[in-house]
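Enquirer: Chains A and B, in that order, are what the protein sequence lines are. Using this note's numbering, read the first sequence as starting at 109 and increasing by one per residue. Using this note's numbering, read the second sequence as starting at 13 and increasing by one per residue.
These are computed hints drawn from the structure, not numbers from a lab. Among the hints, a few may not be true.
[What the hints assert, rightly or not] As a list, the in silico SDA-like pairs of lysine to any residue whose alpha-carbon atoms are at most 25 Å apart:
| id | chain 1 | residue 1 | chain 2 | residue 2 |
| --- | --- | --- | --- | --- |
| 1 | B | Lys163 | A | Ser583 |
| 2 | A | Lys584 | B | Gly350 |
| 3 | A | Lys486 | B | Arg276 |
| 4 | B | Lys392 | B | Gly350 |
| 5 | B | Lys163 | A | Lys402 |
| 6 | A | Lys584 | B | His60 |
| 7 | A | Lys402 | B | Arg228 |
Bear in mind that the values here come from a model prediction, so they are computed numbers and not experimental data.
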Amino acid sequence: MPDYDVVIIGAGVTGCAVAMELARYDLKTCVIDKDEDVCSGTSKANSGIVHAGHDALPGTLKARLNVRGSAMIRELSDRLDFPFRENGSMVVATDDDDASRHGLEELLERGIRNGVEDLRIITGDEARAYEPNLSEDIKLALLVPHGGIVCPFLMTVAFAENAASNGTEFRFLTSVTGITRNAEGYLLSTGAGDISTRAVVNCAGVYADIFHNMICPDRPIHITPRRGEYVLLDHDAGDITGHTIFRLPTAKGKGVLVTPTVHGNILVGPNAEDLEDKEDTSTTLDGMNYIRSKALESVPNIPYSKTITSFSGLRATEDGKDFIVGESADGFFDAAGIDSPGLSSAPAIGEMLAELIADKFGASPRQDHISTRKGFVKPMELSSEERAGLIREDPAYGRIVCRCENVTEGEIRDAIRRTPGARSLDGIKRRVRQGMGRCQAGFCTPRTISILAEELGIPEEDICKNIPGSEILCSKEDRSDDQA
Amino acid sequence: MIRRDIVIIGGGPAGLAAAVAAYDAGSRDILVIERDDRLGGILNQCIHNGFGLHTFKEELTGPEYADRFISQLTDRGIEYKLDTIVTDVSDTRCVTYMNGSEGVVTIEAGAVILAMGCRERPRGALGIPGFRPAGVYTAGTAQRLVNIEGKCIGKRVVILGSGDIGLIMARRMTLEGAKVLCVAELMPYSGGLQRNITQCLDDFGIPLLLSHTVSRIYGKERVTGIDISEVDENRNVIPGTEIHYDCDTLLLSCGLLPENELTRQAGISIDRVTGGPDVRDDLETSAEGIFACGNVLHVHDLVDYVSQEASRAGQMASEFVSGRKRDHLSYLKVETSGGIRYSVPQYISPKEMEDSITVRFRVDKVYRDRKLCVYLGTTKLREQRKNIVKPGEMEQVVLLKKDLGSASGTDTIRICLED
C-alpha cells in the first residue's frame with residue numbers, strides 16, 4: 109500500500125486549493141513543502157488582487173479558471189472566513205488616442221467574451237470622480253466594478269486549515285529531490301525520507317518545470333522566474349485610492365499598479381524582470397525607483413514617506429504563456445506555469461484537478477466533510493463589550509504584543525496552535541499580522557520569540573524568521589567557540 | 013464611568029517625572045499606565061552609564077536613573093498599571109485601556125499627559141535593497157535582546173546610522189564579543205552625541221564612514237554580507253563605490269519617530285517637523301487638558317532634559333486640574349528659520365508664561381561660528397555666539413517674560429541662526 113493516495117508538492121495557494129477541493133473526496137492526501145509553512149513562495153509576494161477576468165485571452169485556461177476562481181473566492185471568503193473585498197478596479201490610459209481607445213476596447217471585448225459583467229469605458233473625469241487622486245493626465249479608463257482584493261496569506265491559510273480539518277496531512281521542510289514511477293504510482297525521494305503515493309500533484313511554483321520534466325522528459329516545459337518588486341505603504345496612506353489602478357500597457361511599457369490591500373495599506377508594483385535564479389527574491393534600487401516613479405504617472409501624490417517595506421516575488425511564467433493544468437502522465441497531475449492571474453484562479457484550479465483525480469480513482473465524496481473554517485479572532489475589531497468578554501475567557505487577548513497592528517498574545521498563540529500552525533516569525537506575521545506594521549517588528553520581536561519558543565517547547569535560539577538557517581538569535585556557545 | 017484627575021500614558025522617564033511633579037504640585041488622584049511589564053521604559057535596556065549628570069549630578073546607568081524616579085513614584089504612593097495598553101484617547105480626555113485582568117476600561121480624566129515615547133525607523137522605511145534575511149535589527153531591538161533578554165544576536169556586525177543607540181550598540185556588541193566592522197552614516201555628520209562617538213567608536217577603533225549607506229543586503233536566510241556605498245550630496249548611492257563586508261548582522265540606527273498614533277486618533281494637531289504634537293509654553297496640546305512631554309513630543313538627546321520637560325508637564329497638568337485657566341488668545345507663534353528646524357514649544361503666551369521659558373530646538377546640519385538670534389516681531393531680543401551647533405545635539409534658548417511683555421497679538425517670536 110502506498111503511503112498516500114495523493115501527494116501535492118507545494119503548499120502555496122495552488123497546492124492548498126487543490127488540497128481543500130480534494131478533501132471533499134475520500135482520499136488520503138498529503139501536502140509537502142520545502143519550506144516551514146504554507147504560503148512561503150510565490151503566494152506570499154504578489155499583488156493580492158482578485159482579477160475580474162478581462163485580461164486573459166478568451167479560450168485560454170487562464171481566462172476560464174480566472175473567471176471561475178474569482179467567483180469561487182467570493183463564496184469561499186464567507187465560508188472559510190478570510191478577508192476579501194470587491195473594491196473595483198480601473199485600467200487607465202494617459203492618451204486619448206486611437207491606440208488607447210483600441211487597447212481599452214480590446215480589454216472590454218475580452219472581458220465580455222470571458223463572461224465578466226458590468227465593464228465599461230469611462231472618461232478621465234469620470235475616473236477622477238471615483239478616485240480624485242488619479243492623475244489629470246488620465247484621459248480614459250476601463251471601469252471593472254467586480255475586481256477585488258484578498259489577503260493572499262489568509263486565503264492560503266484558510267484553504268490549508270480547511271483541508272487539514274478534513275484529514276489532509278501537511279509535511280514541511282520536506283524537499284523533493286527525485287520522483288520515480290513504481291508499480292503503485294510514484295515514489296518521491298525527499299530530504300526527509302521516501303514517500304510513496306498513487307498520484308502526484310505538481311504545484312511547485314517556480315520549480316514545477318523540474319518535477320514535470322522528471323516524469324515527462326519527452327514533453328518538457330520551461331518556467332522562468334519573473335521577478336516583481338513591490339513597495340508597501342502604511343495604513344495612513346490608505347485613502348490614496350479605493351480602486352485598484354492598472355495602467356493600460358503601451359509601447360513604452362506595462363506600467364505598475366497601485367492598489368489598496370484588504371488590510372488598508374497601499375501596495376505599489378510590480379515590475380517584471382526575467383531571472384535564472386529561482387530563489388532571487390531580493391529587491392534592487394533600480395527596480396524600486398522604477399516602480400515608484402511609474403506609479404506616480406497614474407497617482408501623482410503617493411506619499412512614499414509612508415513606506416513600511418519593500419519586497420519581491422517570483423512569478424512562475426511558462427514559455428507557452430498559459431497555465432498547464434491537468435494529467436500530464438498517468439497519475440501525475442500538473443498545476444504549472446501559474447503566474448498571474450494565479451491567485452484569482454487558485455480555487456478553480458483546485459476544483460478542476462480534484463474532479464480529475466476523484467474521477468480517475470473513482471473516489472467517493474467524504475461523508476463527514478467540513479465545509480467551513482473560522483478565521484482568527486481580532487479583538488481590536490470587536491466592540492468593547494465583546495472584547496471584554498473575550499478577555500475574561502482568555503486574558504491573552506487583553507495583552508497587545510504588536511502595537512502597530514494591534515495584535516494580541518491570544519491571536520499569536522492561536523496562530524501557532526492551529527493545524528497547520530505557524531512555526532516561524534514569518535508564519536505568525538502572515539496569519540495575524542504581528543510585525544506587519546510600521547515598526548516592522550522592532551518592538552514585538554523579543555516577545556514573539558518567547559511565545560513561539562514556549563508554545564513549541566524549543567529554545568529561543570532555535571526560533572527562525574522562516575526556514576532553518578534564519579535563526580534570529582545565536583547561541584552563546586557558538587560565539588565562544590568562534591573566539592577560541 | 014471612572015473619573016481620575018490625571019492619567020499619564022507611558023511609564024518611561026517622561027511619564028515617571030510627570031507623575032512625581034504632578035503629585036508635588038498637589039494632585040493626588042494620578043494614574044500611570046505602562047504597556048510593558050515594568051516601569052522605566054527604554055531606560056531599562058540602556059545599561060551604559062552617562063545618565064543623570066544634570067538631574068542628579070552623578071553618572072548613573074539607565075536602570076539606575078529610572079530607579080530613582082520609580083522610588084519617588086512609589087514613595088508618594090502614586091498608582092500605576094503594568095501590562096496595560098491604552099487603545100484610545102479622545103479630545104475630551106476619555107482614555108480607554110485594556111489588559112488581561114480588567115479587560116477594557118474607559119476613564120474620564122481631568123487631565124491627560126501623553127508620554128508614549130518614540131520608536132525606531134525600520135529597514136523597510138529606509139528602502140535598503142537586497143534580500144530580507146534574519147539578522148537585520150533596529151539598534152533598540154538589538155539592545156533589548158542583548159541587555160534585557162541576555163541573548164546573543166550576532167558575531168560580525170555592521171551598523172547603519174550613527175544615532176546614539178547605534179553608537180552605544182557598537183560598543184555594547186564589541187563588549188559582548190562581537191566584531192563591529194564599521195558604522196556607516198548617510199549624512200556628512202553623525203546624528204549622535206560627540207561623547208558617544210569618542211567613547212563608543214574611537215576608543216574601540218571602530219571606523220565611522222560618513223556619507224555612506226548600505227546599498228545591498230546579501231543572504232537568503234541569515235545575513236551573509238552587505239555592500240556599503242558612498243552617497244553624493246543628494247544622498248544617492250554613487251555606483252562603483254561599494255565595499256563588501258562579510259557579516260551576519262546589520263543594526264539600524266536611522267532615526268527615532270515620536271509615537272503619536274493615540275495623539276492623531278484624538279485629532280490633536282501634529283508638528284510636521286517634530287512628528288509630535290504642537291504645544292504651548294505650558295506643554296498643553298491643541299486639545300484642552302491634554303499635555304505632552306518627552307520623546308513623544310520631540311526626540312531628545314539627554315534623558316535629563318526629558319525629566320525637566322516632563323516635570324513641567326506634570327505641574328501644568330496639576331494646575332489645570334485645580335482650575336487654572338489660560339487666556340487662549342494671547343499666544344504667539346514661535347517661528348524658526350536659518351537652519352533651525354523646529355522649536356518646542358511652538359506657542360508662547362507672554363501674558364500667561366512663567367518668568368522664563370526654555371525653548372528647545374535642533375538644527376538641520378552642522379554650523380560653525382554663527383549667532384543665535386531671537387526676534388520679537390522685528391525687534392532683536394537676544395543674540396548669542398555659537399561656535400558649533402550640530403543636528404545630533406538639542407539646543408536651547410531661554411526667553412524671559414519681561415522681554416516678551418511688549419508683544420502685540422500679531423507679533424511672532426522668531427529664532428534663527430545668522431552669520
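Enquirer: Okay, which hints does this one fail, numbers in order?
Expert: Of the numbered hints given earlier, those the structure breaks are 2, 5, listed in rising order.
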